[in-house]
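**Student:** Residues per chain are reported as follows:
Protein chains: 2
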Amino acid sequence: MQGVSSTSLERYPAITKEKDIAPAENEQNMSSQVNHVRHVLAVASGKGGVGKSLVSAMAAVELARCGLKVGIMDADITGPSIPRLFGMTARPASSMGGIIPPETETGVKIISMNLFLYDSGQPVIWRGPLLTSAIKQFWTDVAWGDLDVLIVDLPPGTADVPLTTFESLPVDGILMVTTPQELASMIVEKAAGLAKQMHKPILGIVENMAMVTCPHCGEAFELFGPSHAEELADHIGAPVLARLPIDPTVTALADTGHVEDVKMAAFAPVAEALAEYVATPSTVPPAPNPAPAPKVSCSPCSGDSTG
Amino acid sequence: MQGVSSTSLERYPAITKEKDIAPAENEQNMSSQVNHVRHVLAVASGKGGVGKSLVSAMAAVELARCGLKVGIMDADITGPSIPRLFGMTARPASSMGGIIPPETETGVKIISMNLFLYDSGQPVIWRGPLLTSAIKQFWTDVAWGDLDVLIVDLPPGTADVPLTTFESLPVDGILMVTTPQELASMIVEKAAGLAKQMHKPILGIVENMAMVTCPHCGEAFELFGPSHAEELADHIGAPVLARLPIDPTVTALADTGHVEDVKMAAFAPVAEALAEYVATPSTVPPAPNPAPAPKVSCSPCSGDSTG
Chain A
0 MQGVSSTSLE
10 RYPAITKEKD
20 IAPAENEQNM
30 SSQVNHVRHV
40 LAVASGKGGV
50 GKSLVSAMAA
60 VELARCGLKV
70 GIMDADITGP
80 SIPRLFGMTA
90 RPASSMGGII
100 PPETETGVKI
110 ISMNLFLYDS
120 GQPVIWRGPL
130 LTSAIKQFWT
140 DVAWGDLDVL
150 IVDLPPGTAD
160 VPLTTFESLP
170 VDGILMVTTP
180 QELASMIVEK
190 AAGLAKQMHK
200 PILGIVENMA
210 MVTCPHCGEA
220 FELFGPSHAE
230 ELADHIGAPV
240 LARLPIDPTV
250 TALADTGHVE
260 DVKMAAFAPV
270 AEALAEYVAT
280 PSTVPPAPNP
290 APAPKVSCSP
300 CSGDSTG
Chain B
0 MQGVSSTSLE
10 RYPAITKEKD
20 IAPAENEQNM
30 SSQVNHVRHV
40 LAVASGKGGV
50 GKSLVSAMAA
60 VELARCGLKV
70 GIMDADITGP
80 SIPRLFGMTA
90 RPASSMGGII
100 PPETETGVKI
110 ISMNLFLYDS
120 GQPVIWRGPL
130 LTSAIKQFWT
140 DVAWGDLDVL
150 IVDLPPGTAD
160 VPLTTFESLP
170 VDGILMVTTP
180 QELASMIVEK
190 AAGLAKQMHK
200 PILGIVENMA
210 MVTCPHCGEA
220 FELFGPSHAE
230 ELADHIGAPV
240 LARLPIDPTV
250 TALADTGHVE
260 DVKMAAFAPV
270 AEALAEYVAT
280 PSTVPPAPNP
290 APAPKVSCSP
300 CSGDSTG
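Chains as they are written, first to last, in numbering that gives the first Met the number 0: chain A, 0 to 306; chain B, 0 to 306.
Just chain A, with the same shape it has in the complex:
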């Protein structure tokens, strides 16, 4: 079963039809040889719709504000959200060194399946093996260049894409995103189980959609009930880094492609934890010719765009 038409991808010989994709295991092409990616952070959940993409984007923007070199690989091939959050429509250019990831206003390099489509609503109807190949190519065939951290925004589930990401990329940290619903906790536990089986360290938990403030009376309330984050933290052995509100201002900025203008005070502990993680050398072998760990000296944003 084909997915997107080959015509939309023919400018990118690297991203091609299933039958043309050679086994990419341990393959190193020209672009991967010139890449220096010090850390690979996976943003995972297991459950859909908890805000993985928003957390990935906010994390990238906060780290870029600290002067770090950041990339985002949108690993949700069939439901990509990242370009929309950044208002990005630029199609990636192709060079001898590989596919060149477009940069956002704050300098975050981005690769997403939606950047390869002529119409963002076009479905990518691909089975597992092709999804797997796309993830491997997003790693080996993209000219990421010199990055302090590549953030991988994972799709829901514990199937092909998360599995391939953990198997084929030097992931050295995972951020788990959840919501206060018990159902979400149960499914996030599954994703944490996958991470443990793959021996990947979970840096912490972000509980999204924890509360909302009524625009009429200004009172805050817990829309999805009381938090289960601490119980989840006990189960999976990782700390709760932050509980984030649903904020209509943030939603509006994200929905209109202005995620780089978001400032959310509640996100500061996440940014701090990530800055510390990036400043610590990875224990996982990175790409060839690793560059030294960056010196990070900034206090992540503690402002708030929500007024």
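These are calculated hints, taken from the structure and not from any lab test. Backbone N, C-alpha and C fix where the C-beta goes; we use that ideal spot for every residue, glycine too. Don't take each hint at face value.
[To be verified] Here are the simulated SDA-like cross-link-like pairs (lysine to any residue), alpha carbons at most 20 Å apart as the crow flies: (1) B:K195 <-> A:D118; (2) A:K199 <-> B:G120; (3) B:K195 <-> A:L116; (4) B:K262 <-> B:G120; (5) B:K135 <-> B:G203; (6) B:K262 <-> A:G224; (7) B:K262 <-> B:G66; (8) B:K199 <-> A:G120.
[Said to hold, decoys possible] Label pairs and their computed distance ranges (CB to CB): (9) B:T248 <-> A:E230: 16 to 26 Å; (10) A:A251 <-> B:E229: 38 to 48 Å; (11) A:A251 <-> B:S93: 45 to 55 Å; (12) B:H215 <-> A:T248: 12 to 22 Å; (13) B:P280 <-> A:D260: 36 to 46 Å; (14) A:A92 <-> B:A92: 53 to 63 Å; (15) B:A92 <-> A:K195: 23 to 33 Å; (16) B:A251 <-> A:H257: 51 to 61 Å; (17) A:H234 <-> B:T88: 40 to 50 Å; (18) A:T282 <-> B:Q32: 27 to 37 Å; (19) B:S119 <-> A:E221: 46 to 56 Å; (20) B:P280 <-> A:E102: 50 to 60 Å.
Please build the complex by placing chain B on the supplied structure of chain A, with the hints as guidance.
**Tutor:** Same frame as chain A, now just chain B:
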């Protein structure tokens, strides 16, 4: 890469390890020969976390209240939500006629991967081919018996599971679930694109999480911004059946396994449309020995559990 341990599945020879699964294309075993399923309704979205499972469960309960025979196939193998919504932990029994789906209090028959696990938090780490086989076996090896409608709760994305469901099951109706976020609309459009490519009719759109009522001042507001449902309806050529609120009462009932106690007035148009759909003979060839279409004469619930 294996997923759940084989020990947890060995009681169910039908649901087994990847290497043991024979090609199931066009396969009809004993259970599928005694099944009479008149309609197969897929609840889809493309995007995760929009409330597909809640809509599937509420639809099943409403139709069961009308006296119809209803089943739910939880096709989200790696992130199954259905058993939790119904508070169901019964393990399916196995018989010569196939796997026997446990029934909820209102008589809805349910099959979900989580019913086969010893621990609901255990991850199912399966790649596409095994997911595909599971879906086919949920169709052919489960003793669904006589059903007016089987509701298939699809996972997010447009990869293996939705594709296999549309290819291998006689789906004759799709309910699309979305939220007011533009991002959701974009991804729902992808799922609608898949449905169109597979020539499956979209019955309508349910916009979930459309508004919320403040518990302090009682004022309603649009948490995720203004609706995009009508634009989406224009794009995909299907009507908006309902806009559902986020209701903390409903969330609490669903989170504690009491979805059968939910009564939401806003859902009535969806139930009516589905009752009409079930009362109309399917144009897709069903399982062998089809029974006549049922006579439905009920007005779906117009009450409200939210007080």
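**Student:** Now tell me if each hint is right for this structure.
**Tutor:** Against the structure, the hints:
At most 20 Å may separate the alpha-carbon atoms for a hinted pair to count; B:K195 and A:D118 meet this at roughly 16 Å. With a CA separation close to 18 Å, the supplied pair A:K199 and B:G120 stays within the 20 Å bound. Taking the CA atoms of B:K195 and A:L116, the gap is about 18 Å. The hint holds against a cut of 20 Å. In summary, the hint linking B:K262 to B:G120 is not supported, as the alpha carbons are separated by about 29 Å, beyond the 20 Å threshold.
A hinted pair counts as satisfied when its Cα atoms are at most 20 Å apart, and B:K135 with B:G203 does not qualify at roughly 26 Å. With a CA separation close to 19 Å, the supplied pair B:K262 and A:G224 stays within the 20 Å bound. This hinted pair checks out: B:K262 and B:G66 have alpha carbons roughly 17 Å apart, not beyond 20 Å. Of the pairs offered as hints, the one joining B:K199 and A:G120 holds, with about 18 Å between alpha carbons and a cut-off of 20 Å not exceeded.
Checked against the hint of 16 to 26 Å, the C-beta distance between B:T248 and A:E230 comes to roughly 22 Å, which is consistent with it. Between A:A251 and B:E229, the C-beta spacing of about 19 Å breaks the proposed range 38 to 48 Å. For A:A251 and B:S93, the hinted distance range of 45 to 55 Å is satisfied, since their beta carbons lie about 52 Å from each other. Range check, B:H215 to A:T248: Cβ separation about 20 Å, and the 12 to 22 Å hint holds.
At about 54 Å, the CB distance of B:P280 to A:D260 disagrees with the hint of 36 to 46 Å. Against the hinted window of 53 to 63 Å, the Cβ-Cβ separation of A:A92 and B:A92 comes to about 59 Å, which satisfies the hint. Distance hint check for B:A92 and A:K195: the Cβ-Cβ separation is about 32 Å, which falls inside the suggested range of 23 to 33 Å. Checked against the hint of 51 to 61 Å, the C-beta distance between B:A251 and A:H257 comes to roughly 34 Å, which is inconsistent with it.
For the hinted restraint 40 to 50 Å between A:H234 and B:T88, the CB-CB distance of approximately 18 Å leaves it violated. Evaluation of the 27 to 37 Å hint for A:T282 and B:Q32 yields a failure: the beta carbon distance comes to about 56 Å. Separation of B:S119 from A:E221 is about 23 Å and departs from the stated range, judged on CB atoms against 46 to 56 Å. As the Cβ distance of B:P280 to A:E102 is approximately 56 Å, the hint placing it in 50 to 60 Å holds.
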